[in-house]
Structures are given as structure tokens and as C-alpha cells.
Amino acid sequence: MSAAPESPNSSSPTTSHASRVLVVLASAALLVSFIETMLTPALPRLASFFGNAPYTTVAWILSAYLLVGVATIPIFAKLGDIYGKRRILTIVLSIYTAAVALAPATPLIATWLGIDRAAAIYLLIGVRGVQGVGLAMFPLALAMIADAVPRERVAPAQGTVAAMFAVGSAFGLVGGSWLIQSFGWQVAYASVLPFVIALPLLTGNWLPEGHRGTGGRIDLAGATLLGGTLATFLLALTLGPTWGWSRWVGGLSSGVPIGVPELFVLAGAFLLGFLVRSRRTTEPLIDLGRFRERNLALGYLGAALVGLAMYVAFVVLTVLVEFPIVGLGLSVLDFGLLSIPTTLAMFIAAPLVGRGVARFGPRPMTLLGSFLMAIGFLFLLEFHATYLQLVVEAIPTFTGLVTVLVAVTNVIAVSSHHGERGIQMGLTEMFQDLGASIGPVVVATLLATFTRVVLLPDPALPGGYASTTVPSAAAFDWIFGVGLAISVITGLIGLALTNYRAATDAVPRGHPAATDSNLDVGPGVPEARASVEATPEVACRESVRPTAVPVGPVLAPIDRAD
1 MSAAPESPNS SSPTTSHASR VLVVLASAAL LVSFIETMLT PALPRLASFF
51 GNAPYTTVAW ILSAYLLVGV ATIPIFAKLG DIYGKRRILT IVLSIYTAAV
101 ALAPATPLIA TWLGIDRAAA IYLLIGVRGV QGVGLAMFPL ALAMIADAVP
151 RERVAPAQGT VAAMFAVGSA FGLVGGSWLI QSFGWQVAYA SVLPFVIALP
201 LLTGNWLPEG HRGTGGRIDL AGATLLGGTL ATFLLALTLG PTWGWSRWVG
251 GLSSGVPIGV PELFVLAGAF LLGFLVRSRR TTEPLIDLGR FRERNLALGY
301 LGAALVGLAM YVAFVVLTVL VEFPIVGLGL SVLDFGLLSI PTTLAMFIAA
351 PLVGRGVARF GPRPMTLLGS FLMAIGFLFL LEFHATYLQL VVEAIPTFTG
401 LVTVLVAVTN VIAVSSHHGE RGIQMGLTEM FQDLGASIGP VVVATLLATF
451 TRVVLLPDPA LPGGYASTTV PSAAAFDWIF GVGLAISVIT GLIGLALTNY
501 RAATDAVPRG HPAATDSNLD VGPGVPEARA SVEATPEVAC RESVRPTAVP
551 VGPVLAPIDR AD
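Letter 355 of the sequence shown, counting from 1, is numbered 355 in the working numbering, and no numbers are missing.
One or more hints might be untrue.
Claimed, not checked - Label-pair distances were calculated between CB atoms; the ranges are:
#1 388 / 283: 52 to 60 angstroms
#2 388 / 449: 24 to 32 angstroms
#3 450 / 206: 48 to 56 angstroms
#4 293 / 383: 39 to 47 angstroms
#5 279 / 114: 44 to 52 angstroms
#6 205 / 276: 38 to 46 angstroms
Since the hints were made in silico from the structure, they are not lab data. The beta-carbon is built from N, C-alpha and C at its ideal position, and this holds for glycine as well.
Using the sequences provided together with the hints, build the complete structure.
Given below as C-alpha cells:
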């Protein structure tokens, strides 16, 4: 028997409690997005700091965060449902804080352990992996806001948190880059440490308890198998560009030769084991039967596609702005400035999209977002030769992406049953991050496939020239074409969604909201078709973490054509 959907606030929280939740979680969104974004432009300095480490190694400083984060999101999200979201969120933030504190100290720790500077980078990579546990704070925070904020303030509250992610990302690119270039990466880390330490303290001691956990136990075997699936899949994506996609022997693991194909096979074996385990256990980590529900399945697919398109756009814009020959050859600061208009647009759009879903439903908002995405990618396909063109065209692209993601995430929120809001938001985050991890690989593959040879002056030969291979115009056409194709697919997803709108609409038969005990069934309305008076509120109770530029690693390193 299916459980009832998680009801709206069982008790009307006080304005004080709601304000506390909003302040703490919006601050966490701002701070975390700042920290993670500021590291992206710091990779060249980190390579130099650690003895001119190869870029393929330095990229793991970013990749480790996402790999561990994606693998552990479902586990911590499920723990939030079982033991209470505030408790697990405090633990997650504490782990994140400890990792942030250790990161700038890794060179000193390496010295104490007798490890040279070149090898010390692996300590930092390990700490960054632990820091990845912090990714679970996003679904936990979104679910907690839904429990704590009064219904009349849900949409503005979610918009505020969403906007803080965008602002934090923009500040990370501009302010974080300035800190690192002026004072070094260790000082930049240390400057945010007092604020990071405050987050778990405020969460554990200042926030209301909210809904109690459902109790029960977590399926450790299933969690291990799912974590192994995600970790080996992302590891294969990360190593593919350097080891080769078809090489069966790419490196060594415990003395056993292993390549990318083996990692994909291993990921498939873990996945098969997880599916078998989930069907046989009485308390699975994920209820696989829910994937047969159309809106839920379409919501997951939409989140993955938006993550994919978002990172495709982010990486290709980075190439076009910063790389010479094929791009404008500008600075990281110029790229950060490019994100400011996009950030402003998302800051304005975030709360409006939630209200749009409440008033018109997810279908028209998904179609609107898909249309904006298509316009952005279409103009990028035709015009990407000047800085102004890139600045203007990024606005509809990322605003459309955020609009679609808000809509499909709200669809998943409405479909959440009692006691599963944490895991459902965790799965949404997981699928979005999986899509994001594939995006850079798509860009890197297309840039490496479609190339041309150019002649450049050779400093070693006065008056002479040397040939170099760079991506051709066709590579960028294909990349923007991929973004355009994703826009069409998300539009089709919007058409296929079961829509829900204003209070006068009835919930479709079989929709989770139709069995919500807190919904009043008006006179003359069949029992199976309840009024959706609370549906718009539920629909706007969840949101996403839209960012001016995506927060997380570029898994597939792209060599500059200097």
C-alpha cells in the first residue's frame, strides 16, 4: 500500500522559526557556492604550487568533490528521512566544515608526515573528497525549508535560497579569483573558515527540529551498491579523456591492470546488484516502483538533462572567453564579469518561476524554460564571436535552464510520499549532478573530434612558424547543437507532464496529492479527485540550486591551445 504524500506543515511554524531556517540555509547556499566556484579558476595556481603538477592530476581537486558527493547524496538524504533532517544536516555541515578547515593546512600536514610538495596534492584531493559529503546539504536543506516555512512564504523563501546560489557563484568567480590571485589559495580558504564554522553551530542549536524522522533502518547493502555504481561510473568519465575510452588497460588498481571499459562494466555490475537487492529487501534505499510513475520519471530525466546542458554551456563559454586562438583569450575575471548579468536575471527569475508553477502548473513553465534555452543555444550557434554576444546570449540560456529545473523539481516534490521527501530531493540532486558530470565530457570529446591545423609564430625559430591543432568551428556548432537538442527534449517532457494548477483544478486520479489527508474534498467532488487547494503550495515547497555558473568540477580536462 502506498504511503500518503508528505503533508504540508503539520503545525504552523512561527515567523521566528521560519526566518531562522531561511537565514541559515540561504547563508549556507551563498557560502558553499562561493567556495566551490572560487576553486575553478585557481587550478593553474594550484598546479604551480604543487610542483607543476600535471593538469590531469590537478583536475582531481574538483573531481573528487563531485565523485564522493554524488555517491553519498542518496545515503544522507535517506538518513534525513529516517532520523530527522536537522540532525543529519548538522552532521553533513560538520563534516564539510572539518574538510574546509583541513584543506589549506594540507601542505603543512604533508611536511609533518615527510611528504614532499609534489605528493602533497594527493592529501588535498583526499580532503576535497571528504568535502564532497557537503553536497548532501542541498536536498536536506530544500526538504527542511518545505517543513519549516509557512505556506504564504514558501515561494519567496525558495527564491531567496535559489538566488543566493547564483550570487555566491558570481562572487566566487570574481571575488574568489581576486583573493586567490592576490593572497593565494590558502588565504582564500582561511578567509571563509569563520563563516563555515558557524553553519553547523547555527543549524544544530538555532533551527527548529521540524518533522521527526520516520524511524526504521537504512539498507546498508543497497547503499553500498548504489554508491559503488555512482563512484565507478563517475571515475570512468573522469579518466576516459586521459586513459582512453577503449583501452582495457589504462592504469593500475591494487596491482591489477584496469581501464575505462572495465570501470563501466564494474558500474553495470554494481547497478545490477543494487536493482536485485532493492527488489528483495523490505526496506529498500529507493522504492524502484516509483520510477513507473510518469511525472516522477519525467522529473528525474528533466533534472539530468538540465545538469547536462548547464555544464555544456558553462564549459564551452569558458573556452570561448578564456582560450586563445579558438576564443577571445581573456582573463578569468572577464569570465566572472560575464556571469553577472546572468546572475541578476536568475536572481529575479527564481521566485517568479515558483509562483508561475503554482499559478499555471509545471507544464507551461517547463515549455517556457525550454523555449528560452532554445533561443539561447540557437543564438550561440549563430553568433559567438564577440564578448558582448556571449554576455547577452548566456542570459536566456541559463535562465531557461533554471526555469525547467524549478518546474521538474516541483513535480518531484508534489509526488513525494510521507517520509521520503529527503530521498526524493536527493535523487533529484543525484540525477542533476550525473548530467553535470557528463556535460564536460561531451564538450571535450567534440572539441577533440572536430579540429583544424593552424600556423603560429615559433619563438624558437625567428621568422618561422609551427603548426598546432585546435578545435574547428564545426566543434562549436555541434556543441551548441547538443544544447538545442536538449531544449527540444525538455520541451517534450513538458508536454508529457501531468499538469496541476490553481485551487479550482482537480487532482488527476492516482496523483499522490489526491490521497493527502490534509486536502479538503469539496462537496460534489468525487472522493478520488480531491481539491488541489494545497497543491500549488506543495508545488512551490521545493526548489533547486540555480547558479550563475554551475558549482562543481569540470571532469574532463581540456588542454589550452597556447
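Status of each hint after checking the structure:
1. 388 / 283: 52 to 60 angstroms: Given a distance of about 56 angstroms, which is inside 52 to 60 angstroms, the answer is holds.
2. 388 / 449: 24 to 32 angstroms: With Cβ atoms ~29 angstroms apart, the hint holds.
3. 450 / 206: 48 to 56 angstroms: holds, 54 angstroms
4. 293 / 383: 39 to 47 angstroms: holds, 41 angstroms
5. 279 / 114: 44 to 52 angstroms: Roughly 50 angstroms apart at Cβ, these two residues keep to the hinted range, so it holds.
6. 205 / 276: 38 to 46 angstroms: holds, 43 angstroms
Comparing the model with each earlier hint shows no violations; every hint is respected.
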